[in-house]
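Using the sequences provided together with the hints, build the complete structure.
Line by line, the protein sequences give chains W and B. Taking the working numbering, I'd label the letters of the first sequence as residues 43 to 251. Taking the working numbering, I'd label the letters of the second sequence as residues 873 to 1585.
Hint data in this document are derived by calculation from the structure and do not stem from the laboratory. Predicted model, so just to flag it, every value in this text is computed and none were measured. Ideal Cβ placement from N, Cα and C applies to all residues, glycine included. Incorrect hints may have been included.
Heads up, simulated EDC-like pairs for lysine to aspartate or glutamate below, C-alpha to C-alpha not over 20 Å straight-line [to be verified]:
hint	chain 1	residue 1	chain 2	residue 2
1	B	1333	B	1085
2	B	905	W	127
3	W	222	B	1459
Quick look at which bits of chain W chain B covers, simulated, 3 or more residues with Cβ under 8 Å [stated by the list, open to error]:
hint	region
4	103-117
5	123-132
6	135-149
7	159-172
8	204-216
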Amino acid sequence: MSSSKEKPKDQQPKSAFSRRSWLQGAGVSGSVLTTGLLAEDAQAQTVANVMSGEVEITLDINGKKRSVKVEPRVTLLDALRNRLDMTGAKRVCDRGTCGACTVIVGGKVMYGCSVLAVDVVGKPIQTIEGLAPEGQLHPISKAFVNHDAQQCGYCTPGFIMATKGFLDRNPNPTVEQIDKGLSGNLCRCGTYMGMKAAVLEAAKEIKNG
Amino acid sequence: MAEYKWPPMEKRRVMGKRIARLDGPMKSSGRAKYPSDMNRADLLFGALLTSPHAHAKVKSIDLAAAKAIKGVTAIRIISGPGTEIQWAGTEVCAVSAITEEIARDAVKAIKVDYEVLPHLVKEDNLAKVGARAKAAGEQVTGDPDKAFADAEAKTSGDYGIPVITHCCLEPHGSVVAWGADKIDFWPSTQAVSTVGGDLAKMLELPATQVKVDCQYMGGGFGAKFPADRWGAEAARLSKESGGRPVKMFLDRATELTIAGVRPSHFAKIKVAGKKDGTITGWQSESWATGGIGGGGMAPLPYVFTNIPNRRMNHTQVSLNTGPARAWRAPNHPQASFLTCSAITDFADTIGMDPLEVFLKNVAVSARPETYKKQLAKAAELMDWKKKYTHGSKKTGTLRRGLGIGIATWGGAGHASKCKLTINADGTVEVEIGSQDIGTATRTCITQVAAETLGLPMSAIKVKLGNNSYPPSGPSGGSTTIGGVSSSTRKAAVNALEKLFEKVAPTMGVAADQLEADDSRVVAKGNPSKAMSWKQACQKIGPTPISEMGENEPRVAAREGLNTQGASGIQMAEVEVDIETGVVRIVEVVAVQDCGLVVNPKTAESQVAGALIMSVCSALMEERITDQTTGRVLNADMEFYKLAGLPDVGKLTVHMDITPEHDARGIIGLGEPCAIGGVAAIANAAANALGVRVPMVPLTPERVLAALANRRNA
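Right, here's the structure in full:
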């Protein structure tokens, strides 16, 4: 199946080196690669940075500055999970297919496994941990609970972040749009039935504020 | 003797209600900590070096370059020189390092010299497997030769369902720390109470030393019972690294290659019968593989077990591929697919509606009346009678068809012990060495305790996922819900009896004349004589009431809290584009009984999930091996396909909740609902096309080939 996280423009990354752009450049990509957003950023970034060894970078995560030491090859996902103990985003396919690692960077939905940590310095990063304060639930999370849109739950944070990004752009979705908009994420237990209802309910809740 | 039986259906306040899963908020906020999320202080990362060869002998291993990498803390040889590797992906070495990247670098730096040996990794053509085939012997009942000679109608068909993998989203693995006097083990497991002992055995340590904790786990489906070689190696790496905790989870390719598969099943099946649809004879020649050990033998004919004249031959094929593990209803989805396909083809040949043929022949099943009712209900939900037309009558490019799959399963509760404590402040704690694998076990245990104690669910604290709690069986074979519900019920009843003894003198009512209801202790038949739960608990004194409950499978059926024998019918409607060969799901309907249903909301999700898994297996999933290299070609999630949201169509789930099913007590659900879907979808495609696509998944290539074969015939 094809994944369809936003694919607005048909542009090739030119300068910045990301794991996904490499995959695409190497001709390994299939329709699942969602290069559009990264491509936009790549266009904007004209000077390629050269780094090697461990470097200390500062990431802007959920409105807080977090210092972290990473090698340039470390993905945003691995920086979050292995170095910052932010384990909401999960590592499942590790190749930009399943969406379990979905985060929002600069307002754009991204797979955390397919972007390097050093490439998102200076951009606001939103993870599931920042969606609602401790002890509270975001309306999307609440709707997932209400409609039992989760079983083992390992795909759930990724789906919730994908839903957040999707509803930000499509506040009044139809079921068909939901199917398409969230098709960049996969669940193994099979929770899609509850998920469709949950996304519709969340859209309504968010609108009603 | 305490009375444990379930309260009458109409009196239940918590059980049987549509309760949202209690750990839902933890999961949907990303705060739930899965074993793979455990970041302990001084954490090290483990990585495996695996064999690229399907069959080889390890000649030598050179660790020098790997050892020289800064940050590597330990390297272990798992398959040393002389070891014969029997499948690609076999663990050869393990490394721990201060970062995951360094651990991977070290793995790459290890040099292994192999003597490559001949391998076999494909079994779809039995004629080509040679000496790797092992016949299981012939089974004959009645007189199949005469039945076929006398038959008014006969059909013969070839059918196949390939090896598929579990593809658990959280890969197999653990975090483990080898301490001075204990080993802390956080595995992603379906077996909290047994996996510690398993690890201890591998490490030759007393079982008491392994402390297991697994509060959440990201999917198992039958593949996550043992501690596994990688668990033991992570422990040894920890030991060799001075006890620092090691996190080692399989990467995706390794997960899909060695962490478990469902055996394939192929068969040539002949059916004999009358023109009124009665089946009189069955002959099958089947073969299957589950890896090097062979394995996989579907019970044929499935459900229609008492077809009077039968001859079955089965052959096991040993391949150089990763071994099989239990996969949600071991052997049953394959058996249902093979049997229901053959019966549907028989119906098509004699020009009968397969629904009528299924109805006619459930007489030879173990539960004819249940199946008749379920077939009727599913047909009603699918609007079968209005929609069904014979495959020969379809026209146009987009053709719709209907199909049926059937299921049977045991599902009796496993051995389970539960401890329930009532404190003087009125708080209640349940401790049970079970696990919640996504099946809402935590929620259901809470419902049972709340129901029994007459309390709201919020008053009950359930603790599971740790092997310091009373032992409860692994979550396999749909045995958990019966086991944990029964042990929890008994522990709660036992604790309540103690509480009644404490308050009886104050209330002036005999203890056996008291009951718990609506957060009160009440005299039976005299609701005005009551004490609040809190007041009653104040009588407990400083030592809490703490009672055990046990489900013993040997006597459980007699007690009636849980029994076995679940039946289900699944029906599918698909639309096939005969120009592109693409099969699209229109709707899948499931009618499923599982006795007393503790939580219909989460039960329905589980059934809907099983339907989606069936869609995956019928349309997409296939482990593809390459005979030239001996490797799995699609050990990733891009080419090992799973269904996404747009792929599943409409899902209709009907839980068969009736007084007569309820009276049977609790029966497991996870397996039975995952059985019939593949058959239903394959049969629907056959109906739409007017020709059988012999092998699932129903890829466009196979669909078009089946159409071309018909044209050429």
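Violated constraints from the hint list, given by number and in increasing order:
Result: hint 8 breaks, nothing else.
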